[in-house]
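Visitor: Please work from the sequences and hints to get the whole structure.
Protein chains: 2
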Amino acid sequence: MSVEEAFAKLCLSDAPADAVTVKSLVFKPKTPKSAVPVPIVVVALHTTTTPSPLIAQVASAKDPRLARDDLVKDIFKCDSAKNFTLAFLSNATSEFKLLIDNQLEAVEDATVLQLNDNLFITKAELFKFLSAFDQQSVDFSQEVKKEEPKKKQQAKKQESSKAVLDDAKLIGITVDKAKDFPGWYQQVLTKGEMLDYYDVSGCYILRPPSYAIWEFIQKFFDERIKKLGVQNAYFPMFVSSRVLEKEKDHVEGFAPEVAWVTRAGSSELEEPIAIRPTSETVMYPYYAKWIQSYRDLPLKLNQWNSVVRWEFKHPQPFLRTREFLWQEGHTAFLDQPEAEEEVLQILDFYGDIYKELLAVPVIKGKKTEKEKFAGGDYTTTVEGYIPQTGRGIQGGTSHHLGQNFSKMFNLTVENPKGPEFPKVYAYQNSWGLSTRTIGVMVMIHSDNKGLVFPPRVAQWQAVVIPVGITKKSSQEQREHIHASAKTIEDRLKQAGIRAFGDYNDNYTPGWKFSQYELKGVPIRIELGPKDIEQSHVTVVRRNDSRKYNVKLDELEQRIPEILDELHDDLYAKAKELYDAHRVIVNEWDEFVPNLNKKNVILSPWCGVMDCEEDIKESSAKKDDGEEIDVDEKSPSMGAKSLCIPFEQPELKEGQKCVKCDRPAINYTMFGRSY
Amino acid sequence: MSVEEAFAKLCLSDAPADAVTVKSLVFKPKTPKSAVPVPIVVVALHTTTTPSPLIAQVASAKDPRLARDDLVKDIFKCDSAKNFTLAFLSNATSEFKLLIDNQLEAVEDATVLQLNDNLFITKAELFKFLSAFDQQSVDFSQEVKKEEPKKKQQAKKQESSKAVLDDAKLIGITVDKAKDFPGWYQQVLTKGEMLDYYDVSGCYILRPPSYAIWEFIQKFFDERIKKLGVQNAYFPMFVSSRVLEKEKDHVEGFAPEVAWVTRAGSSELEEPIAIRPTSETVMYPYYAKWIQSYRDLPLKLNQWNSVVRWEFKHPQPFLRTREFLWQEGHTAFLDQPEAEEEVLQILDFYGDIYKELLAVPVIKGKKTEKEKFAGGDYTTTVEGYIPQTGRGIQGGTSHHLGQNFSKMFNLTVENPKGPEFPKVYAYQNSWGLSTRTIGVMVMIHSDNKGLVFPPRVAQWQAVVIPVGITKKSSQEQREHIHASAKTIEDRLKQAGIRAFGDYNDNYTPGWKFSQYELKGVPIRIELGPKDIEQSHVTVVRRNDSRKYNVKLDELEQRIPEILDELHDDLYAKAKELYDAHRVIVNEWDEFVPNLNKKNVILSPWCGVMDCEEDIKESSAKKDDGEEIDVDEKSPSMGAKSLCIPFEQPELKEGQKCVKCDRPAINYTMFGRSY
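The listed protein sequences derive, respectively, from chains A and B.
Its first residue numbered 5, the first sequence is counted upward by one per residue in my numbering.
Its first residue numbered 5, the second sequence is counted upward by one per residue in my numbering.
Think of the hints as simulated: they come from the structure by calculation, not from any bench.
Be careful, since some hints might not be right.
Chain copies aren't distinguished; within one or between two, either way the pair holds.
[Claimed, not checked] Taking lysine-lysine pairs in the DSBU-like style, the calculated list, with each CA pair at most 35 Å apart, reads: (1) 223 <-> 359; (2) 231 <-> 656; (3) 577 <-> 250; (4) 293 <-> 656; (5) 476 <-> 13; (6) 317 <-> 579; (7) 223 <-> 195; (8) 231 <-> 359; (9) 223 <-> 132; (10) 555 <-> 602; (11) 77 <-> 317; (12) 490 <-> 427; (13) 132 <-> 601; (14) 27 <-> 476; (15) 427 <-> 195; (16) 421 <-> 317; (17) 427 <-> 127; (18) 534 <-> 523; (19) 374 <-> 555; (20) 132 <-> 523; (21) 293 <-> 516.
Guide: Structure (structure tokens):
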């Protein structure tokens, strides 16, 4: 008799209509390769939320995730995770943990529970069955405990060889960027007060320093597009399903991530309404209505808005969030060359945002057919690079849609040549840049002391701190230093520098230094008795602690110069790393080893989609449940094409594709990516 | 045997599980007092949407709305609209129209239809029953026809004495502001290209001229609040129900209008998630977390975002929309006086936006207990007035929340006096201003020629138009005029005036004049041969067609002056109207007659909530199905209190309340309102 059959005997043959649904889930914690995983089985009311971080906490397990078929097969002899029921507990070939929802324990013994489509059992019978196993009762409504500094300290002792910084102060960053990049990223954002985690998963709060960056980007970009004749507008965030689904290729890419409003107050809506994941299909029916003559072209609109893509993958602040801020430009032209010119103008603006504002190097290029925006003709992109993970990151895209959407939405004008000529479908572009920019910036510049803001997007560019005040200082001396510092603050503000002073006597200068280093203020200006004596200030750069003495009468001239130098140095350092890790690989043998060295790769390539898929598959690490990066889009983390760079190495005569036997048509940049 | 019983005989006694649900609705069209209403009965599949405008169109009925109990009683002898079924058709005491969903007609004869909880009938039986009545088959999936100019023209002939403008050009406004204000408002917005109606009801597209106004408002307000130390941030649009419902008083006001996301892609969410109707409960848990010491106070954040209130009342562009743009400021202070000072500073900024940008007069004051923001201590407001409808309109509110929310969210700091003193709950404010501002501006200034933009928020302030070019003009003359006009355009732009030129030879100057009048460009600058001869330009003001000659060498000085004068004149004219229609009424007898004269009323008032409700009820017109304004919040359109103005007429000794016998405590402004 199989365990299933044995278990079925405990069950009821009748299926009562009011049975309470119960779920049983198997989780697998992250486990070193050398060890056997100890799965965690959770038995809970269907209505109970069982968040993974809470399971991690109560089971003292690392990063538990839903188990895959292989584990369920190995340990419980059940053919697939999908078919797992509690019956299979009896099969267990090795240790497992059993967590039981205390809400479930609280229901009356006579209650009938539904385990799956066919299995109904009284609560009493089920608990009798479960009593054979070690178990733990869990209150799933409890909050996940935040890691306390104290706990961190303990953790530090236990795994001091790992990612924890040795001399980290409690208030500062306690995780090493080089050793635990995701942990560091989270700390630097939250402790630096840029961002906070939010009650709804995948959504984050952009605190003032983040939003200020977005405002600088807005101002920079908005001025430039307005000079091109683009106007801002605002279209609704809601889309009817009929409209959303008009362009099939296009919607296919978004459909699994669309959030649907189905209820308002206590009324069910007659028809569910989507929240825009992007606005092509929102806008273009109206473009078709408004554009009646070729004189109405070009039409160039942009909006600054938020869009929602309800991704089920591991969310990450700025990089993958369910709601994010962006701008989306949508333009329509009579002539294709004019449209195509704009695609590149916009891409240049995106490149400039990275280079001139964020001090982040990017590579411009064209996406492959596989990676382009679905429904468009082609996509151009700026691609960044994160050294710690060795992964590429798409930084902003400018699409030429050709006539695909205009044909779908009947966006036509009469032929300027005359009514006897056929109607002309407009040529369209769309282009977007999001708050992802901010995450890239943080990942690239910030360090183990905290945030590092490039000065042009820093909410505060300089902090003035009085120093050299001791217990022996007289009240007069103290006041003189404070007053002198205030004068400097005022002069800087007058000169258009975003400066502030910290004159709080309750904290030591050292404490303040750490504070503003954590928060990434680009330069600190120290003023003490010696500085005053010598008529200068001491300027310290956040990024590299480099010190300058700046004469008081050169303040207004030198500080902006120092800020610009700092910007340039940040950029140069990041570019050096990107350049060093962008390697030309002509032979497949060297491809994966180079990926594993955290490089992105320029390879001669045939341009064939099948080959691209082959490259991805062949460059994927095997999923042994260990080395997989949890926030990778593809679970196997093969290399994707990042772009076909505009700047091309010369292709040798007869050069073959790096992967297949076809002739190469260009160098394409590949990499693991966000 | 009652009709119900007779009908029941036609029905099935068994209730099959797969019955198709059918709805039967009774609508009442707007009917003159003198006439008997002809109700419209709609029989449709439950899944068919039966929009009122479409019913209006196919039944040639005016503004049909769901009938109330009295009508259903009178005509069908059914005790309430809720209990109405098709059985009652046999009772009809007078004429009615019967519309039948063609989708319902299309189902097979054997299909079982479910009419209500108990009534099941085959489709064949139902149609046999219905065949006794005149009926009309309707395709409810058809689009509601837009009013075509041609149809308008016909309508004009038929009801030339009514609202249609006599000499309106097809392209321009065809409805008289004074006679059909809602129709005029819709035309002026859509034909002026400020706004378009959208696929999802209650949502509208803000086209560039609207969004530009919002950008001017943003810039104006943002600069001012940043000087007060307010920082911008962005909180997620999603709220969990747990958090949303934390402050009960507060959420009660919003709950019926909250839109809920329940699905993402094809997955049901474990828990429905709300879209923020406002962000108090979104933000304050984090305020409580971030504020750890009194040194963290004040905390002043603002966000520019959109919020969603799924109102089921008649939507109106800008004034009542399901999604709207606004700013919401949320601040927390240690001391109440500091908080209260800010409330008024912000209110002043709101007043300035109306006066200095939109040229709209507002009255500042405090809301009554009944009308204040739920959950707060008190609400201050700027109140506008729409002369055509005689209704007040709330223009922006600044709330002092006291410690109500800080107690709810445990937003406390240690007492600055020392740990032996009790913890201090923060004092909070919140304040918001929305795109409603734009609707008020349009309603007040625009006219039968189209939009009138106050110059400081006009996307384009001046249009330069070459004139006096005839068939006889030589090519050289033509070119000279164009070149001179272009020079003027360039000089204006150089001087910071938002100017453009229209040099298209395909249109006559007259056509262009109408075009830019429709679009509301504040001034038109004409340049013809005579102007050139006399070294001047002719400037024509949009609002009153007043003409100026401006010498060419005074252009840069005079045009900004003219724009400022225009602004001042718009404001003065609107203020005159507001002042004339804000009347002091001490006796109840004069109250309703003054309301009916489209006034708002200043009356001595006792401050008692019951009395306010009494005033509202007693000032309501009776609902005889005729004079009710469809977009009124209260169906009976009684007078609400608008505010207790800060500027008070002197209260006489012993003055009694206008409505009751209690002593008056102040003058309160009452009015019908939006």
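Visitor: Taking the hints in turn, state whether each one holds.
Guide: Evaluation of the provided hints:
no. : hint        : in the structure
1   : 223 <-> 359 : both (15 Å within a copy, 27 Å between copies)
2   : 231 <-> 656 : neither (42 Å within a copy, 61 Å between copies)
3   : 577 <-> 250 : neither (46 Å within a copy, 49 Å between copies)
4   : 293 <-> 656 : neither (51 Å within a copy, 61 Å between copies)
5   : 476 <-> 13  : neither (86 Å within a copy, 104 Å between copies)
6   : 317 <-> 579 : within (30 Å within a copy, 57 Å between copies)
7   : 223 <-> 195 : both (27 Å within a copy, 31 Å between copies)
8   : 231 <-> 359 : both (20 Å within a copy, 30 Å between copies)
9   : 223 <-> 132 : neither (66 Å within a copy, 68 Å between copies)
10  : 555 <-> 602 : neither (44 Å within a copy, 69 Å between copies)
11  : 77 <-> 317  : within (24 Å within a copy, 57 Å between copies)
12  : 490 <-> 427 : between (68 Å within a copy, 33 Å between copies)
13  : 132 <-> 601 : neither (53 Å within a copy, 79 Å between copies)
14  : 27 <-> 476  : neither (69 Å within a copy, 88 Å between copies)
15  : 427 <-> 195 : between (59 Å within a copy, 25 Å between copies)
16  : 421 <-> 317 : neither (52 Å within a copy, 49 Å between copies)
17  : 427 <-> 127 : neither (70 Å within a copy, 47 Å between copies)
18  : 534 <-> 523 : within (27 Å within a copy, 65 Å between copies)
19  : 374 <-> 555 : neither (57 Å within a copy, 63 Å between copies)
20  : 132 <-> 523 : neither (56 Å within a copy, 78 Å between copies)
21  : 293 <-> 516 : between (59 Å within a copy, 22 Å between copies)
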